[in-house]
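**Q** What follows is each chain in one-letter form.
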Amino acid sequence: MAGAGAGPGGETLLRVRGLRMRFAGGTAALDGVDLSVGPGELVIVLGSNGSGKSTLLRCISRLLHPTGGEILVAGQNLSRLEGAALRRARQALGMIFQHGNLVRRRSVLANVVSGSLGRHPGIRTSLGLLPAGEVPAALGYLREVGLEHLAQRRASTLSGGQAQRVAIARALAQRPRLLLADEPVASLDPEAAEEIMRLLRRLAKEDGLGVLCVLHQPELAVRYADRIVGLQHGRVLFDQPAGELAEAPIDRLYEAKTQAQAA
Amino acid sequence: MSDETFTTLGTRERGLAAAAGFRSRPSLLQFLLLFAFGALVVQTLIVVEARPQDLITGVSGMADLLARATPPDWSRLPDALWPALETVDIAIFGTVFAVLLAAPLAILAAANVTPARPFYYLARGIIALTRAVPDLVWALLFVTAVGLGPFPGALALAVHSVGMLGRLFAEVVEDMDMGPVEALTTTGASRLQVFTHAVLPGVLPSLLGISLYRFDENLRSSLVLGFVGAGGIGFQLLTAMNLFQYRTVSLLLIIVFVLVMSAERISALLRARVA
Ligand SMILES: Nc1ncnc2c1ncn2[C@@H]1O[C@H](COP(=O)(O)OP(=O)(O)O)[C@@H](O)[C@H]1O
Ligand SMILES: [Mg+2]
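In the order they appear, the protein sequences are chains A and B.
Note that full-length UniProt numbering has the first sequence beginning at 1, numbered continuously upward.
Note that full-length UniProt numbering has the second sequence beginning at 1, numbered continuously upward.
None of these hints come from the bench; they were simulated from the model.
Please read these numbers as outputs of a predicted model, since none were measured by experiment.
A hint or two may mislead.
[Stated by the list, open to error] Have a look at the derived ranges for each label pair, beta carbon to beta carbon:
hint, chain 1, residue 1, chain 2, residue 2, range
1, A, G128, B, A20, 51 to 57 Å
2, B, V96, A, T67, 44 to 50 Å
3, B, L9, A, L237, 51 to 57 Å
4, B, R12, A, R20, 42 to 48 Å
Glycine residues also receive a C-beta, built at the ideal position from the N, C-alpha and C atoms.
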């Protein structure tokens, strides 16, 4: 895939405004979050456990229904959409989870092709058949993540790092403009983690995708991010270019946590 | 009496060991539990009127029966083939229709996917009722309702199996990995596509395995159902016993043995393949 060549800045792909999420009977997990991601931009979200990172991503992909605020993806407000319109809008954003979330009994190729289901409504795909026409493209996405040689393998036989790359290929098969990744390297060894981060950065820089990635490791964030967003108690504590970020604000993110543990 | 094994320990260590659950003798509670269990077993001997001496005097009677049952009357084999087929088909019918009914019922009865609470309670109620009433009792009811023959037996197995399968199917759905479901949902796939491409591949092997095991159990049940007039080889067995045709009885028992063993092997082989 030749890159769109779009650099950071210019038009925004994702703009989140005043996003609120209150779980039934609980406190506010998100308390007015604003952030944006442009094409070709890799934005990393840091925050301690329970700060609302997963809730943020799950609201944006509308696995959760936010209590308030706006989610603008390429100008369209996702927070108000339902049904077919929501499904169509979702195709623009691919989501990557901590454990890959592949269908374990299916082949790698079948898993990747299933990412394209949104573009292929109809009886055949509803009955569980896969659109054969998507195979060449799917092989291309597997090549892009370096796993074309594993196309025939059952997903259950992959290592954690391989599964995560297949999950990225599946997200690419939906031809998204934006990737959301929730701790995609949390269960990987350091080497595999670096590989995934390099891949996400390449997808941003070469293919012009916007990437919003939740991480647990500040040192990875500093090295790979264009911008780092610090989340605390469901609020944005800071939002700065990675190069300008000093250590102090990052330490402050985890401070409350450390104090709580010391007590 | 002192705690002998603890004598080498100081007071502090002894206290710690005791607090950590070390015991050098059974506690009073353990002793009482053991006594209660012993009493439980003894009362069963009284209630079932166990008479070991009858087993010994019964040996000659058994030997006599065995003599009259050998050799098996192979000339009756052709007559036994149709009832044998009936028995197998009762089990297949009961299993297949139970699976067809249990699958949608399990969706309603699984807490994580049920469309609404009233459906959940309704489905759980149907499952509890059909499960709690034994298949033999269902067979008696259906014999009364539709008359003698294999059909009431097949119905009885189907109804009882709906409950047995429905509960296990619902458990599979409740334990399902939601990861792939969420992943496909976020690609923009429709609900039906998510069901056929993420839910089904995840649960189908378990459902097939459970169904095959159920068939194996249903075959054994369908033999017994004949005793209450619900067709199959069990009915033949009952008739032969009542007519004191012990050589026919032994032939029928051989057929039963072959059927049960074959069903068990086939079911186990297929289960291994879908695992
Ligand atoms: N489904 C839910 N129901 C109720 N509370 C939830 C749910 N999911 C998350 N929360 C709560 O929302 C807060 C943020 O959680 P989460 O977004 O998972 O944090 P993070 O991903 O940053 O660790 C936590 O206090 C958590 O307990
Ligand atoms: Mg999380």
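**Q** Each of the hints needs a verdict: does it hold here or not?
**A** The hints, checked one at a time:
| no. | hint | verdict |
| --- | --- | --- |
| 1 | A/G128 / B/A20: 51 to 57 Å | 56 Å, holds |
| 2 | B/V96 / A/T67: 44 to 50 Å | 48 Å, holds |
| 3 | B/L9 / A/L237: 51 to 57 Å | 55 Å, holds |
| 4 | B/R12 / A/R20: 42 to 48 Å | 57 Å, violated |
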